[in-house]
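Participant: These are the residues of each chain, in order.
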Amino acid sequence: MDAAPDPEHEHPARPVVELTDAVALLGPYPALAGATIRVDPGEIVLLRGPNGAGKTTLLRVCAGLVPLSRGEGRVLGHDLRTERAAVRPRVGLLGHSNGLYGDLTVRENVRFWGALVGATGDEIDAALERMAVGGRLAEVPARKLSAGQRRRTALACLVARRAQLWLLDEPHAGLDAAGRDQLDDTLRAAVAAGATIVVASHELERAGSLATRTVDVVAGQVRSVA
Amino acid sequence: MDAAPDPEHEHPARPVVELTDAVALLGPYPALAGATIRVDPGEIVLLRGPNGAGKTTLLRVCAGLVPLSRGEGRVLGHDLRTERAAVRPRVGLLGHSNGLYGDLTVRENVRFWGALVGATGDEIDAALERMAVGGRLAEVPARKLSAGQRRRTALACLVARRAQLWLLDEPHAGLDAAGRDQLDDTLRAAVAAGATIVVASHELERAGSLATRTVDVVAGQVRSVA
Amino acid sequence: MSRWRVALLVARKDLAIEWRSRVVLDQVLPFAGVTMVLFAFALDSDAVLERVAPGLVWLAVLFSLLVLVQRAFAVEAADGALDALRVAGVDPMSIYWGKGLSLALQLLVLEALLLAAAVVLYGAEVPAEGVVLLVTTSITATPGLAAVGTLYGGLAAGFTGRETLLPLLVLPAVAPVLIGATRAVESALGTAGAATSDGWPWVGLLTVFAVAFGVGGSLAFGPLIDE
Amino acid sequence: MSRWRVALLVARKDLAIEWRSRVVLDQVLPFAGVTMVLFAFALDSDAVLERVAPGLVWLAVLFSLLVLVQRAFAVEAADGALDALRVAGVDPMSIYWGKGLSLALQLLVLEALLLAAAVVLYGAEVPAEGVVLLVTTSITATPGLAAVGTLYGGLAAGFTGRETLLPLLVLPAVAPVLIGATRAVESALGTAGAATSDGWPWVGLLTVFAVAFGVGGSLAFGPLIDE
Amino acid sequence: MTTTDLDAGTPARTSAPRGTGTRATRVLGIATVVAMAWLVAFGLGFSPADRDQEESVRILYVHVPTIWIAYLAFVVTAISSGCYLFGRKKSLGFDRVAGASAEIGVVFMAVTLIVGALWGRLTWGVFWQWDARLTTTALLFVTYIGYLAVRRLGGSHHQRAKRSAVLGLLAVLEIPLVHWSVRLWRSLHQEATVLRTDGDISMDGLMLFSLFVGVIAFTLLYVWLLLHRSRTMFLEDLIEDRGLDQALAARRAEAEEVRP
Ligand code: HEM
Ligand SMILES: Nc1ncnc2c1ncn2[C@@H]1O[C@H](COP(=O)(O)OP(=O)(O)OP(=O)(O)O)[C@@H](O)[C@H]1O
Ligand SMILES: Nc1ncnc2c1ncn2[C@@H]1O[C@H](COP(=O)(O)OP(=O)(O)OP(=O)(O)O)[C@@H](O)[C@H]1O
Ligand SMILES: [Mg+2]
Ligand SMILES: [Mg+2]
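Protein chains in written order, with this note's numbering: chain F, 51 to 276; chain Z, 51 to 276; chain B, 53 to 279; chain X, 53 to 279; chain A, 18 to 277.
Take every hint as true, because none was put in to throw you off.
Computed cross-link-like contacts, SDA-like style, restricted to lysine to any residue with a CA-CA straight-line distance of at most 25 Å:
1) Z:K194 - F:A223
2) Z:K194 - Z:A227
3) A:K106 - F:L115
4) A:K107 - A:R259
5) A:K106 - A:G171
6) A:K107 - A:Q176
7) A:K106 - A:R177
8) A:K107 - X:G141
9) F:K194 - X:L77
10) A:K107 - A:L190
11) Z:K194 - A:L265
12) F:K194 - Z:A269
13) Z:K194 - F:G77
14) A:K106 - F:L76
15) A:K106 - F:T70
16) A:K106 - A:R169
17) A:K106 - A:D262
18) Z:K194 - Z:A228
19) Z:K194 - B:G132
20) Z:K194 - A:R177
21) A:K107 - F:L76
22) F:K194 - B:A129
23) Z:K194 - Z:T155
24) A:K107 - X:G268
25) Z:K194 - A:G172
26) A:K106 - F:H128
27) F:K194 - X:R74
28) F:K194 - Z:H222
29) Z:K194 - F:L76
30) F:K194 - Z:P80
31) Z:K194 - Z:A182
Short derived list, chain A residues pointing at chain F, Cβ under 10 Å:
32) G172
33) S173
34) Q176
35) A264
36) L265
37) R269
38) A270
Read the hints as simulated data drawn from the structure, not as lab findings. Using N, Cα and C, we set each Cβ at its ideal position, and we do this for glycine too.
My request is simple: use the sequences and hints to build the entire structure.
Facilitator: Shown next as structure tokens:
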């Protein structure tokens, strides 16, 4: 609605994510119970909190997959209540599951997602290398991979997709030590290229060292960490 | 074959797991390429190693799910090549997936697994409490749980199953800090009750502090860590 | 714990899942109903229809069987529970009996309703002495169907593409049941002048089939899902 | 990137998956074949059989359609790829066209083989002038089937028990195709003295159905899977 | 008719209606009862028996009105689905009317089917015939069962509304198929005698009048049921919303416990 930047805010740029008192239901259950959060461009925000607190739901709300029941939300300038379809093209979500096609090889998976945004062969190769799933692995069908290799492939797909807002749900799960380093590099590179990142994770040390800000999610609400 | 304890070994008790030059194929690929490992009663062994090294395969071989192609293996005194069916009743495996029935509630899931070994209602309740999925959560259908809550429920099922050999594949994945503490307590209690545990994990600090021994799995082989 | 108690546990769990999700009642039943309507439409001639009504009922039962078996094992495979069952050392024979039992019960309910529908839809008429034969036919045909369905359902569950491997395995195997049950029901309904007494030999065949596949399946299920 | 290019990407991916897994060729096709043999068993009379052969072919196609649609969306749902597609902002209309296209191609192959099988199995005979009609019928019936299948497949994909919701929605909706295509093929084969010219109005009906559901589906698919 | 929008954003109304009845519906209910009594009187008493069908023709006065009202109900479903889908406000009131109307339509249609089958037994000697009219009727019935199944899939009110609205618009296209099926296919079933396009009504006057009494009675019944059912649905949604308030409070209290 008001496209002009609001002079009162500390950050001159328009926030990438802005939820105000957001309530989201899973069945009858208020998985988000009035969450307020604001994420500015270029931030890497870590969501932490106990199991079942609502981190996954928060990310899915931002991705436009779960509708808001009450409250307000804007993502990349679009209203989550009315323009959910417009939000999506520029959001990349890595959920608890990987979204891979088991019968396609690693390379074909990454190529499919890359092709949707017109990525070239070189960019696909670069994405594969980023998460170290090139070489021999690139030609293995995704269903035959180990758990960590699948997670790596999913991250490579995300790299190829070149989203503006990255929503990552426990990206560390299943990654070995080297993979975690590669993930850090990947995320730094993405931010350098203009992306904004929200990560939910239980690997507090790892993710905390990367994040520019940490917020607590507790019982469906968001609390800033001092 | 020879049931009498071997006087040459340091540990007088018969080993729980004993693989010698084990080779296991996934399709054409030798995921285990000559692994030798021995686990004695009461140990907590941590398997660590890069993604795709063969940790999951090693655990599945021990559970009798993947057959040996070459080499020898005995688990709980039974030969893996000829008596795989006899091995299983006393093994509990937590894989990358949780093995829950989505339409049943948490309590019903745990009760099903418990009932198979004749557990009483109190024991079921105790298992639920162990992983903090009692109370409100116990009556929620498993498909509606968060990722961490599902992992907790799977662990509670394992507790109810009262196995002698616990094979855990990244049990930490998705658990919050409290859950990890509960997991540690659970494993210690299991060992105190006479179980032996093999854990594959990338949470090296967490799992390492609990384990009595750590071994490296690299490229389908096992190396002891000094 | 005895085999039977474990089998009952497995059956109870399956029936609980069905009760929770109401898939058979809400969806398979209408599916079978629509199937029968479509058959009738495709055939489109009353004389033919009355003649073939018994066959159509059993065809509809067969297709429902496929859907039910798929569902019974989708439930196990969804989150790797079948692996867990195998590792938990649950005797494969118990799994087989348990799943077969719950499948047979669901099938029986379905058959009763479909036969009733056929009487109404296809204008079939049941003479009093045919009712006993009809009921016996259902009761002997069902275990055979459940035995085959469970056996191959378990085999297909472990593989991707199981949606399609299953019918390929099951349909030819149950062809004898289809024929036997059709003939028996024809006798029960007196279709095309068949006498009720003609039906009993077919019931015998169905019984033999059920026993043979029940025993064979009990023995084969373990090796089939084990590897 | 234009809608059509994205749709082609989706279709190519689906066909690649099919090519890799060979599910249609190795399993659906035999399934359809077995179904047709079973029909023959259940009907058990040559005269009747020849009369109803066209209807049976299309029934077999319908059941195969269900299997194919289930498979097409099982592939997306297995690891949450449908969510990923939705979030990637892929236009739902492109997904619809892409998946519909790959489905239609697979169906066409299947129909060709089934019709050939019918000619052999049921002793149907194709007069020369009927061949054109036969081909046109396939080509007009298939998009309609694919349109309905894709639409409801997408709706059912997000939910548990989808194995069974799907037939409930699809079968009544495609009944007109079943009727139209059956009548058209009857004319093409000259079953029961039907003239070839009688078939063309039915082809018209099939075309109208395909266009109506194609347009309706394109518009409806977004809202249906969006939520 | 209740149009208060239960949009998720609006907090639950503090003074909810205590029932689904109002003075208007009570008047309507009485009118329905009176019309039903008239229908019984005309259908079973005043109207003559038929030449061929004799007494069984009286089934007509239930068979035909119920199917017409079922058509009407499905059309209402489609219209309110359209209003929901294309309306600016996305008012859930329309969704509830659509759902309620479809439920009533399914019930009425079940009555048509059962009564028709019984009638068929009397006149044709069988419960069911495989002609186009009967088959398409059965398929229409199943289609709306599917519609109701989709309504129960779960999700938020608006998700439910959107999904089912799309389906409601698609399903209504089958009605013309049922109506003209007799023309399209050679059929046993009664050709349209009342709603014929040439406007030539060929029926005994008193029979025709009885039929119209039936139509009026069932229309009143439909409207009465629709009002009550959509209000019940409104209350259900309201209860759900109240439940949400409580659930939210409970969840927020959880957070207090965690606070260090
Ligand atoms: C299960 C059996 C039956 C079903 C499903 C059925 C269905 C229908 C339907 C859907 C209509 C509305 C047609 C339209 O206007 O679109 C209708 C009308 C009618 N039916 Fe039936 N019917 C059945 C049995 C019978 C029988 C046995 C008779 C009498 C012999 C009968 C007599 C009529 C008549 C007279 C009308 C009014 C036709 C008109 O004026 O349009 N029906 N029926
Ligand atoms: N139908 C339902 N009934 C009751 N509770 C439900 C229902 N559906 C979802 N929930 C609850 O909603 C919450 C969803 O939380 P969410 O998945 O967002 O958690 P999370 O913060 O991502 O947790 P984790 O760290 O375990 O991934 C869980 O507590 C779950 O139990
Ligand atoms: N058909 C195949 N062709 C080629 N490689 C295969 C095939 N099947 C499995 N593999 C490989 O076998 C290995 C299996 O490893 P496994 O799952 O045991 O690893 P892991 O140590 O558990 O890894 P992670 O830490 O990622 O869970 C992987 O490297 C995988 O790529
Ligand atoms: Mg989560
Ligand atoms: Mg692993």
